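Position 10 (the sequence shown) corresponds to 41 in my numbering; numbering is contiguous.
It is possible that part of the hints are untrue.
[Stated by the list, open to error] Derived Cβ-Cβ restraints for the label pairs, each shown as a range: (1) 108 - 40: 28 to 34 Å; (2) 66 - 40: 27 to 33 Å; (3) 109 - 80: 17 to 23 Å; (4) 37 - 89: 27 to 33 Å; (5) 91 - 49: 16 to 22 Å; (6) 105 - 66: 14 to 20 Å; (7) 101 - 67: 18 to 24 Å; (8) 72 - 49: 14 to 20 Å; (9) 108 - 39: 17 to 23 Å.
[As the list claims (entries may be wrong)] Below, a list of computed lysine to aspartate or glutamate pairs in the EDC-like style, where the Cα atoms sit at most 20 Å apart: (10) 89 - 65; (11) 44 - 108; (12) 89 - 63; (13) 44 - 60.
Please keep in mind that the hints were generated in silico from the structure rather than gathered at the bench.
Remember, predicted model here, so these are calculated numbers, not experimental data.
Glycine included, every Cβ here is placed at the ideal spot set by N, Cα and C.
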Amino acid sequence: MRTPAEVPDVYLKDYFVTFDAFSSACTLELVDTETNETVYNQVIPAGSTSCLLPSTLKGRYLMRFVFENVVYWGYIDL
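Construct the entire structure; sequences and hints are all you get.
Shown next, in the form of structure tokens:
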């Protein structure tokens with residue numbers, strides 16, 4: 032029997048993103064909410080707990096953590 036996925040806690044301070052360590056690698060994607068265009072992506076290795084976003088990004092974005100079988104998402108303002 033499978034258990035429900037546990038939603039990670041994600042925090043943003045300026046352009047520094049922190050999150051719970053993931054047991055597998057994923058891709059972090061930022062999607063512009065006005066154009067629906069993916070404007071940034073970065074591979075997050077398993078065990079990582081943070082990443083730094085480019086300071087050139089400004090506006091509202093959909094942030095997605097894309098794993099093989101699940102996607103976690105939420106909105107951020109930069």
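Return the numbers of the hints above that this structure violates; sort them in rising order. 1
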